[in-house]
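Chemist: Single-letter residue listing:
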Amino acid sequence: MDSLFSLDILLPTLVGLPLIAAILTTLLKSPGLRASISIAMALIQLIIVATLLLWLSNSGTSLETQYQRYSLGGWGAPLGIDLAIDGFSALMLALTAALTLVLTVYSRYYFFEPHSRLDKTARFWPLWWLLIMGINALFLSGDIFNIYVTLEIIGLAAVSLVALDGSRAALTAALRYLLVGLLGSLCYLLAVALLYRAYGTLDLAQLSAIAEPTAITWAALALITTGLLLKTALVPLHFWLPLAHGSAPAPVSAILSALVVKTSFYLLARFWLDTLAPAATDYGLLMLGVLGAAAILWGSIQALRATRLKLMVAYSTVAQLGYLFLLFPLFSPDEDARGAGLSGPAVSAVGYFIVAHACAKAAMFLAAGNIMRTFGHDEIARLHGLAKYMPLSLFTFAIAGASLIGLPPSAGFLSKWLLLNVAIDTAQWWWAIIILMGGLMAAMYVFRVLNIAFISVDEKAQTEPKNLPTNKLPTIMSLCAFLLAMLTIVLGFNAELILDLVTIGDDV
Amino acid sequence: MTQESLYIIASIGLFGIGLYGVIVAPHILRKILAINIMSVGVFMLLVVSASNMNSTPDPVLHAMVLTGIVVAIAGTALALLLAVKIHTLSRDSDKDDH
Amino acid sequence: MEFDILIDGCLVVGILILACLCLATKNLFTAIVLFVSLGLLIAIAWVRLDAPDLAIAEAAIGAGLTGAFLLATWRQLRVAPANNDADTPNKSGGDNVQNP
Amino acid sequence: MFKTPEFKENNHANELPFATRILCATAIGALGLGLIFALILSENISSSLPALVQQNLTQSGVQNPVTAVLLNFRSYDTLLEIGVLLTVAIAMLPNSNFNSDINPHMPGGSRLVSVVNSAPVNPPLEALLRWLIPMIIVMAGYMLWTGAALPGGAFQSGALLAGAGVLAQLSGRLQFCFTSTTAKLLLTIGLITFVMVAVGVATTTGVILQYPLELAAPLILLIETAATLSIAAILLLSYNTLATQTFESSSEPSVFDKQPSALSETSAPNETLQSQTAEGPKP
Chain A
49 MDSLFSLDIL LPTLVGLPLI AAILTTLLKS PGLRASISIA MALIQLIIVA TLLLWLSNSG
109 TSLETQYQRY SLGGWGAPLG IDLAIDGFSA LMLALTAALT LVLTVYSRYY FFEPHSRLDK
169 TARFWPLWWL LIMGINALFL SGDIFNIYVT LEIIGLAAVS LVALDGSRAA LTAALRYLLV
229 GLLGSLCYLL AVALLYRAYG TLDLAQLSAI AEPTAITWAA LALITTGLLL KTALVPLHFW
289 LPLAHGSAPA PVSAILSALV VKTSFYLLAR FWLDTLAPAA TDYGLLMLGV LGAAAILWGS
349 IQALRATRLK LMVAYSTVAQ LGYLFLLFPL FSPDEDARGA GLSGPAVSAV GYFIVAHACA
409 KAAMFLAAGN IMRTFGHDEI ARLHGLAKYM PLSLFTFAIA GASLIGLPPS AGFLSKWLLL
469 NVAIDTAQWW WAIIILMGGL MAAMYVFRVL NIAFISVDEK AQTEPKNLPT NKLPTIMSLC
529 AFLLAMLTIV LGFNAELILD LVTIGDDV
Chain B
2 MTQESLYIIA SIGLFGIGLY GVIVAPHILR KILAINIMSV GVFMLLVVSA SNMNSTPDPV
62 LHAMVLTGIV VAIAGTALAL LLAVKIHTLS RDSDKDDH
Chain C
26 MEFDILIDGC LVVGILILAC LCLATKNLFT AIVLFVSLGL LIAIAWVRLD APDLAIAEAA
86 IGAGLTGAFL LATWRQLRVA PANNDADTPN KSGGDNVQNP
Chain D
-14 MFKTPEFKEN NHANELPFAT RILCATAIGA LGLGLIFALI LSENISSSLP ALVQQNLTQS
46 GVQNPVTAVL LNFRSYDTLL EIGVLLTVAI AMLPNSNFNS DINPHMPGGS RLVSVVNSAP
106 VNPPLEALLR WLIPMIIVMA GYMLWTGAAL PGGAFQSGAL LAGAGVLAQL SGRLQFCFTS
166 TTAKLLLTIG LITFVMVAVG VATTTGVILQ YPLELAAPLI LLIETAATLS IAAILLLSYN
226 TLATQTFESS SEPSVFDKQP SALSETSAPN ETLQSQTAEG PKP
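In order, the protein sequence lines correspond to chains A, B, C and D. Take the first sequence: its letters are residues 49 to 556, numbered as in my numbering. Take the second sequence: its letters are residues 2 to 99, numbered as in my numbering. Take the third sequence: its letters are residues 26 to 125, numbered as in my numbering. Take the fourth sequence: its letters are residues -14 to 268, numbered as in my numbering.
For reference, chain A alone in the conformation it holds in the complex (with noise of 0.2 Å):
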C-alpha cells in the first residue's frame, strides 16, 4: 500500500492522464464540455510534473541511481517495463505541461465554430490527447521496445492532426509526414532487434552499463540515427516538415515544432550520449555537428525565401534544429565524462535553448495563426500595415523572433551565450562561427516580415477588399501567443530556474 502514495507513482499518472482525457473527449458529445475537460486535464498535468519537479529537486542531492525509476506491473527492469525520469527529461516534461496549458486554452477558441456543419473539435480532441500521452510516455521511457510503441502514437496521432483541415495541400503533406514516420520507425525497430540480438535486454539502463563498440552496435547506431534524423527532420532529410508544419492548423504546428520533432532528437541524444555511448565514435559526433551546422545555413536560406508566413516559420524551424546538433560535437570531448549520464554544461545550454525555441516557435505559429484567421491568407507580400490591424499580434511575433534570434533579453540570447561558452571551453571555436551567422540569418528573415508589416507602402494597396481583415479574432487568441513569448523573455532573466533541473538526475 506504500507504494501507492508515495511520489512515483506521479510518472505513471503523467502517461494515464492524458490517456482517460483521450477518452473521456471521444465518448462526450457537447463540444463546450470536451472543451472544458482539456482545460481542466491540462491545468491537473501542470500541476502533477511541478509537483514532480518538486519532488525530484529535493530529493535530487540523495539520489543515489541517475534516475528515479517506476516498475510498471512490478516485474523490474528486463523483464517488465521500467518508467525512468533524470534532469534531461523533467525538462522536457515541464515544457511538454506548460505548452499543453498554453495551446489547449488557444485551441479551445481556435476550433470554436458554433455556426459551422463540421465539428471539427470532435476529432481534434482525442488526437490532441493522444499525441501529448505519446510525448509523456516517450519522455519516460526506459525501455526501446517501449519508445518505438511511443514514436507511433506520436508518428499517426500527428499525421492525423495534420490531416484535420481536409485540404488538399494538408492531406498531401500529411501523407509525405506519414510515410517518412513509418520509414524512421522501421529503421529504429531493426535497430532494437539488432540491440536485442547482441545484448539480450531491452532496458535502456542495462543496455548502457553493458554496451561496447561491436559492429552489430554500430549498425545499430546508425540505424537509429537515420530513422531518427528522419523523423526530426535534419536537413538532408527534411523535405517533409515544412509543408506538414506549414498546412497544418496554428495550434497543431505549433505542438508540432515545439515539441513532437524534439522528441527524436532527445532519443538522438540519450542514445548517442548516454545508452550507446562506446560505440559512439567521435567522426558520428563531429558528422552531426556538421550535418546540424548545414541545417542552421539551409533552413534560413529557405526561410528567407519562403513566400508564406507558416511556411517561413516552419522553415526556421529546420533552422534552429540545427543549433540543437551542435550539442554532439560540443558535448565532451575528454574520455571520462562520457558515461556519466546524459549532463553537462553542453547539455543545459541545449535544455536551456530547446525551451527557449519551443516558446519562441509556439508563440510564433500561434500569431501566424492569428493573422492567417484575421486576414484569410499569409502571405507575406500582402502583409502591408499588420501593424496597423494586429498590433498584439505583430509585437508577439517580434518578441518571439527577438528570442529566434538571440537580442539580449530574451532565453535565446541566454542559450546561444551558453552555446558559444561551451564552444569556446572546448576550444572548437569553429562552432561559435556557425552560431552567429545562424542568428545573423534568422534576424534577416524576421526582420523582413517585420519590414513589411509596418510600412504600408500606397494607400491604395490598402483599401483593397483583399487585403483587409475579414473576421473578427476573439481576443484570448492573441493573449496566449503574447503569454508564450513573454515566457521567453521571463525565463530570459532567471536562467537557474532551468538549468538547476537539467542537472537534477545527476549530481551524485
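Derived from the structure by calculation, the hints contain no laboratory data. Take the hints with a grain of salt, since some may be wrong.
If we take Cβ atoms under 10 Å as the criterion, some of the chain C residues that face chain B in the derived model are [what the hints assert, rightly or not]: (1) Phe60; (2) Leu74; (3) Asp75; (4) Leu90; (5) Gln101.
Glycine included, each C-beta is placed from N, C-alpha and C at the ideal position.
Given the structure of chain A, go ahead and fit chains B, C and D onto it with the hints provided.
Modeler: Chains B, C and D only, in chain A's frame:
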C-alpha cells in the same frame, strides 16, 4: 547454411526490397505495399532471433512482433485513408475543371 | 536435417521472389494479390520458425485484413469520377480502367 | 522523393531516372550484404529473458508465455498499442459522424448494424456467409478463450471478428455505420477496461498494472475480451470507411487556415466580411 542464417538473409532481403520499393515506386499504393514488406522483413529478423534458443522460442520477441503487426496495419490503414481522400479531392477538382 | 533445410530454402527463395514480383509487376491489382500471397507465405515461415501465435496473427491481419484494405482502396482509386453506388461490388474483372 | 502522391497506374512520367534507381539498388544491396554478414558472424548470445519468463510464468496467471508477456509482464506496451489503434479509429471516423445537421442518409439510420436491402443481392455468397460467419464468431470466441494456454489471444480473435464483419459487409445486405454512441463506446471499450483494471489493481497491490496473484487470470481474460471487441470494431470501422465511405469533395471552405490556393479568386473573403476585428481599427 543453418536455418537461422537462411531466414536472416530473407529478412534483410525483404527490408532492402521494401526500402528500394518505397524510394522508387511512383504509385502511392505501391509505396504502402513496400512499407508493409519492409515491416515484414524486420519482424522476420525478430522471429529468427527468437527461434534459435535451445528449447522454447523467446516469448518476449514474439510479443514484440505481435504488437508490431498490429501497429503496421494501423499505419497502413491511415495511409490508405489519406490516399483515398487525396484522390477524391483531386478527382473532384479535375471534375470541376472540365 | 537435410530435408528441413530444403523446405526452408524453398520458402525463403519463394518469399524473396514474391516480394520482388509484388513491386515490379505492371498491373496494380496483381501487385495486391501477390502481396496477399506473400503474407500467407510469411505465415508459413512463422510456423517453420515455431511461432504459432504470430502465424495466426500474420495470416489474419497481415494477409487477410491488409489485403481487404488494399483492395477496397484500389477500387476507390480505380472508380470513375461518377461514383457509382458503392455497395454492389461491380465485378469488372481485371480490366485496367485508367482513371482520368 | 515523395513529392506528390501519384494515382495513375504505371505512368512513367515522374519515375526516377534509371541511373539513380541503379545507384539506389546498389547502395541498399551493399548495406544489406554488410548487415547480413555482420548478423551471421555475430554469435547470438542467449538472452536471460526467456528463462526469466519461464520462472515467473506461474505467477502471471496464464500458461501461454506470449500472452503472459503481452498482458502481464509488458502490459504497458499493449496498453499503448491499443492507444495506437484508437488513434487510427478516430482518424477514420467518417465526417458524417460529426455533422449536426447532416443526418446520416443511410436507410438504416444510425444503428450500428442494419439490414440494407431485403432481397439477397448475391445468393451464393449469401448462402456461404449464412454458414461461415457464425463459425468464424465461434472460432474467434475459442481463440480468445484458449489464448491463456495455447497460441491465440486478443489480437488474433479481434482480427477474425473483423474478418467476419468484412464478409458480412461484402454480402451487400448488411450496413455498418459507426455514428452512434454505442459504436464509439465499442471503439473505446478496450482502452477503458485496460485503464480501469490498471488503476483498480493499483489500489490493492500498490503498483500500477500489477495484478494480485489469484485475480490475474480472470483480469487478463476480462482485458482480452474488451480488447478483442475494440480491435474488431476498429478494424471493421477502417474497412467500412475505406470501402464504402463516399468522401464529400471537401469540407466547406471553413474560416480556418484557408490555403491561398484554395482561396478562389472569387471574393470569398468579402462575403465573410463581418464586423471589424477586435483589435483592428474602424475602416
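Chemist: Which of the stated hints cannot be reconciled with the structure, identified by number in ascending sequence?
Modeler: Nothing - there is no hint that the structure violates, so all of them hold.
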